Every structure is written in C-alpha cells, then in structure tokens.
Amino acid sequence: NAGVTQTPKFQVLKTGQSMTLQCAQDMNHNSMYWYRQDPGMGLRLIYYSASEGTTDKGEVPNGYNVSRLNKREFSLRLESAAPSQTSVYFCASSEGRGGYNEQFFGPGTRLTVL
Amino acid sequence: DAKTTQPPSMDCAEGRAANLPCNHSTISGNEYVYWYRQIHSQGPQYIIHGLKNNETNEMASLIITEDRKSSTLILPHATLRDTAVYYCIVRADMEYGNKLVFGAGTILRVKS
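Keeping their order, the protein sequence lines are chains A and B.
Per my numbering, residue 1 is the first one in the first sequence, and the count goes up by one each step.
Per my numbering, residue 1 is the first one in the second sequence, and the count goes up by one each step.
Extracted from the complex, chain A is given alone in its bound form (with noise of 0.2 Å):
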C-alpha cells in the first residue's frame, strides 16, 4: 500500500497562475482532507470530504476549490494563485465512520508563488 500519494512534490508559480494539487489514498478512507502549513506553525484545514460526494469548508478555504473525484482522490484547486498561498499543502485520509479517526498524511507539496 502506497497510503496516501501527493503530485507534484514541489511547485513554483506566478502570481495569478493555476493549478491543481492531487491527492489519492488506497486505503479505501470515506475522509479526506486538506491543510497547509506555514513556516513555524501548526497545520491549518482547508477544506475537506466526510464521504464521498461531499466536501465543506475548514479553517482557511479563500482562494481555493476542491474536487472529490471519487472515493480515491481529493484535489486541491488554486484558480489565481497569490504570495500569500506559498505554503506546504498536506493532505490526508481517515476512516470516518465515527468514533477516534486516525489521520494518515501524505508528505506534502511545497508550493512557492512569487
């Protein structure tokens, strides 16, 4: 098992410019979910997916839009990219069925929009 798989592993933008982060789990998770984190701080939410079909907003979702594909890949979308976005993007998965959750991450996008 390959858990949880981020693309692309490093990234440089423009400001202004798009893309995609991809996440994809194998571990059958119905959750899933995206945080960043800036330098010296803890991670923060994005947004996420309870199940499949559903996605809401977490602690910081301005300037960004998700995707469930399905039940396997969650993707990250920034439609115009600013300073304020250069961050490492984590995502991870968890059973979510209730009860305690682990979380398992994946091991990041360092994103750097100049």
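Any given hint could be a false lead.
[As the list claims (entries may be wrong)] Residues on chain A that point at chain B, a partial pick, calculated with CB under 10 Å: (1) 33; (2) 43; (3) 108; (4) 112.
[As the list claims (entries may be wrong)] Chain B stretches covered by chain A per the calculated footprint, using a threshold of three residues with CB under 8 Å from any CB of chain A: (5) 21-29; (6) 99-111.
To be clear, the hints were calculated from the coordinates, so they are not data collected in a lab.
Keep in mind it's a predicted model, so treat the numbers as computed, not measured.
Cβ atoms here follow ideal geometry from the backbone N, Cα and C, with glycine treated the same way.
Put chain B on the given structure of chain A with help from the hints.
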C-alpha cells in the same frame, strides 16, 4: 473543540523517557485526546489517543488525569529519531470528517 496548551520546546537525553505535557482544561466529556508528531517537515504521524483511561501502544504511553484536564505523552526510551514537533489535539469523534485543529505543538529535541 477544546483548546490545548503545550510548552514550546523540551530537551531529552537519548535513552531517557520523554514526558510531554498538555493542558486541556476545557475538554468536554465526549472529546478524545490525540497525539501526533511531525518529523522535519514530513506529514504528521499519529501516535496515540485516549478518552479517560491511560493508553499504551508500541510507540508511546498516554496518561490522562482523572479530571481529564491534562495529559502526558511518554516516550519511554527516546532516540534521536524522536526529535520532532509533537501536537496534542482534543477532538470529539461523533461524526464523519474528523477535523483536527493543530496548535504550535512542542518541539522535542533528543540529544546524545
């Protein structure tokens, strides 16, 4: 979700036990205590969780006070590879979509 308070950093000698405290005085009855760690910019890794009772697994032990207002994560024999940021998170688990709210965590430095 209840707020947690952790010391910003701690040092520990290699081979000794590392005891990481966490205060969560406003925790509700249905909220669990989770611990995750993040090693050098990797994705966070689940360590352990508990509700009321003390818990132990192959990585660590979790001691929760009787009033549940604080807890301690114990790494029994710390190694250099345990150097990481440790996050204490409290969260109710009554629904799909187990959102986690990460604070700044505790930077644990294990020294030889």
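Comparing the hints with the structure gives:
1. At about 7 Å, the closest approach between the beta carbon of residue 33 of chain A and any beta carbon in chain B falls short of 10 Å, and the interface hint on this residue holds.
2. Here the hint on residue 43 of chain A is kept, as its CB sits about 4 Å from the closest CB of chain B, short of 10 Å.
3. Evaluation of the residue 108 of chain A hint against chain B yields a held restraint, the C-beta minimum of about 6 Å falling below 10 Å.
4. Given the 10 Å rule on beta carbons, the hint for residue 112 of chain A is violated: about 14 Å separates it from the nearest Cβ of chain B.
5. With 0 residues bearing a CB less than 8 Å from a CB of chain A, the stretch 21-29 of chain B misses the requirement of three and the coverage assertion fails.
6. With 7 residues having a Cβ less than 8 Å from any Cβ of chain A, the stretch 99-111 of chain B passes the three-residue criterion, so the hint holds.
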